[in-house]
Amino acid sequence: MIPFRLVLQPGESIYEQVVYAAKRAMMSGQMRPGDPFPSVRALSKALKINPNTAHKVQQQLLAEGVLEMRPGVGAVVAKPPNGTRAERSQLLEEELERLVVEAKKMGLDVADVQKAVAQHWAKLNGGKS
Amino acid sequence: MSDAIETSGLRMRFGKHAAVDGLDLKISAGSVYALIGSNGAGKSTTLKVLTNIQKGYEGHAALLGVESRRVGAKELERVAYVSESQEMPEGMTVAELLAFWRPFYRRWDAAREKELLDLFRLPLDRKLKHLSRGMRMKAALASSLAYHPELIILDEPFTGLDPLVRDELVEALLDHASEATILISSHDLAEIESFASHVGFLEEGKLRFSEEMSGLSQRFREVEVTVDQADLPSALPKHWLLPQTASAVVRFVETQFDGAGLEAEVHSVFPSARHIETRPMPLRSIFVALAKAGREAA
Chain A
1 MIPFRLVLQP GESIYEQVVY AAKRAMMSGQ MRPGDPFPSV RALSKALKIN PNTAHKVQQQ
61 LLAEGVLEMR PGVGAVVAKP PNGTRAERSQ LLEEELERLV VEAKKMGLDV ADVQKAVAQH
121 WAKLNGGKS
Chain B
1 MSDAIETSGL RMRFGKHAAV DGLDLKISAG SVYALIGSNG AGKSTTLKVL TNIQKGYEGH
61 AALLGVESRR VGAKELERVA YVSESQEMPE GMTVAELLAF WRPFYRRWDA AREKELLDLF
121 RLPLDRKLKH LSRGMRMKAA LASSLAYHPE LIILDEPFTG LDPLVRDELV EALLDHASEA
181 TILISSHDLA EIESFASHVG FLEEGKLRFS EEMSGLSQRF REVEVTVDQA DLPSALPKHW
241 LLPQTASAVV RFVETQFDGA GLEAEVHSVF PSARHIETRP MPLRSIFVAL AKAGREAA
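Which chain is which? The protein sequence lines are A and B, in order.
Each residue of the first sequence is one higher than the one before, counting from 1 in the numbering used here.
Each residue of the second sequence is one higher than the one before, counting from 1 in the numbering used here.
So that you can see chain B by itself, here it is in the shape it has in the complex (with noise of 0.2 angstroms):
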């Protein structure tokens, strides 16, 4: 399959920070793809870069195909970008705001309209500045739905909804999972778990890694081995990350889980293991311990 985002080397610098800083980030057409990352890793500057709001990058970024710096009007009828501090005309009524958007798109679906505005239960004739946090998001996200885009760039879109309105959003954008790619930031890990596809670690404006969630989590797992003694040896196996001790239990996290081989692995280190337990890891905690193992090592 093609790819429907493609950086390579990208840069973009704020003064003296590189907010995005050597950026090689492939999402290929079709995937669902959660970009994780703590605040200020970079991951906003990025999905602006993308869509050419930001501008002043250095190295290569595409959209469908285009180089970022040429995206205009004809690849945005294509892409849906929706973000969690957008600008919106606050004096407009949400009919207002749907007839406004309409002519824009060649391709807007009257009928689609009326499914999200169904889904979403919208009050057309309320201004924008009078809509609580949740009807605006879901403002924003009918008039993107719309028009059916190929691509639909999300930033933050859950930060301060309640759960209800997560899951109403979260059913709309599943509705079209299947004829867009779709590339979410979002802290709420939970909510983007389980229907990402992909999902890609930023920090420092550096991708860690991007890869399957299933492998992802499949390749974590939080261990707990009971030992006699809960000595740490000076050198611990650099995949295991955030080593503690605590009475005669010792605690750390595996990144190349494999089954078999951590037994063994696990034994030639902590000669006097009895017991050695695996807990599969989601996406929330695989976060935090990579975050914090960052942090560490900084």
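Here chain A stands alone, though its shape is the one from the complex (with noise of 0.2 angstroms):
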């Protein structure tokens, strides 16, 4: 098992899909620092992806820093893994931009949106916003 969920997307880069999923679950507590990384033989049989391209995926987050390598261990997730609040919120982005193009698209406005939002919220949190 590898510590973190990715339902592949075809067509869009399976190299960037998996550098986000993997940034998010650090981000989000999923992975914690110190936490071996899947190696690359691992990451590739888990989701099924060319073993370059899980290798590619490594290389990438250890030039980032996000991952180190440790001797004997193999990639770990560095400190500090949590982000600040911005570098976290950042990592909506992308479900934030779909959001944005489907209420545009239906003609709803910002405060249209950001009163379903809160609703939601408050759903979630069993009616306390």
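Take the hints with a grain of salt, since some may be wrong.
For lysine-lysine, the following BS3-like pairs were computed, each having C-alpha atoms within a straight-line distance of at most 27 angstroms [said to hold, decoys possible]:
id, chain 1, residue 1, chain 2, residue 2
1, B, Lys114, A, Lys48
2, B, Lys55, B, Lys206
3, A, Lys56, B, Lys26
If you are wondering where the hints come from, they were derived from the structure by calculation, not from laboratory data.
Using the hints, put the two chains back together into the complex; each one sits in its own frame.
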């Protein structure tokens, strides 16, 4: 098992999707500092992706400093993985873009969307905003 | 990197019909190459010519640097060929099949054989003729991967197999992807999309394109334009396939997507365009679009 969930969207860059999913898992605490990151082989098999792609993902995460190499263990999640609040909210950018596009197509304005988000938020919080 | 497979002007005729008709194909070592195309496009024939199973071709075809008509035991020791319609010694058990093949391959790896048997959970004492389709394919693959082939050629390996078996086959292949070149012909495009590094589209014995998977994904988009007047102009850009209209929507497949360029082009063709939406396409949709467009052009 690998410690993050990803349903690959066909047609979009696999490499970018995996990098994104991995970072998200680190920011949201699904992977903690010091946790081993899946090996190239494990990643390739779990997601059924080309080992070269898995290798590229690992290289990218190492280059960005979110992973670090530890002798004898391999790649582990680096400190500090939690990021600032701003960095964490940046991870929602894709979803936000999709929401805004759909809202605009339906002719809604920003206030409508904000209201809908607030309502949904309250619903998940059991009525409290 | 050198080429594991190379053909130029390759032609294979059966009577008057050319199943392979001037094929120029290059597959570099280390790639996972998906050969796609409709039934009868020439995929199986190409694979058989390359491995010298099908004789009598014209032009040039080479496997691991050796002209295909001269490919023999020495080369085939480094190659795995597994086909959906492969003939197998039906009366043998799985254990007998493995024992039969073992002495032919100097690089046969007993530890690897054991790993494959465990992964596939093959019943050693069962006769091949009593195996399910999935188990047969696994037996064929296990006996082909145990000798560390440099080149793995698979003809429609997933046909008629359930999703679990497909996953297991893909896992076994991925284990070999770093040490071998893999050439796979398949219609099961969802299975190969995530791990193929290259893809070639064969149509009527000719290669229509051959490129990196990531490049192909980037240049194809399904485009939907919302317009005030959905009349198709008589001349549309050639790189837009299968244009259709319904109500206030025009839909087509962009084959040369580059972001900003598309928007400008859409506005020049449809001055009344109000909204443009582009969607990435899975390999399956790309294949269907190309095959349909090919049929419409014919």
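Legend entry - Given pair status - Lys206 of chain B, Lys55 of chain B, alpha carbons within 27 angstroms: holds (19 angstroms)
Legend entry - Pairwise hint evaluation, Lys26 of chain B against Lys56 of chain A, where the allowed Cα distance is 27 angstroms at most: holds (24 angstroms)
Inset, instruction - Quickly compare the C-alpha distance for Lys114 of chain B and Lys48 of chain A to 27 angstroms and report which way the hint goes. - result: With a Cα-Cα distance of about 22 angstroms, the restraint between Lys114 of chain B and Lys48 of chain A holds, given a limit of 27 angstroms.
In this structure, every one of the numbered hints holds.
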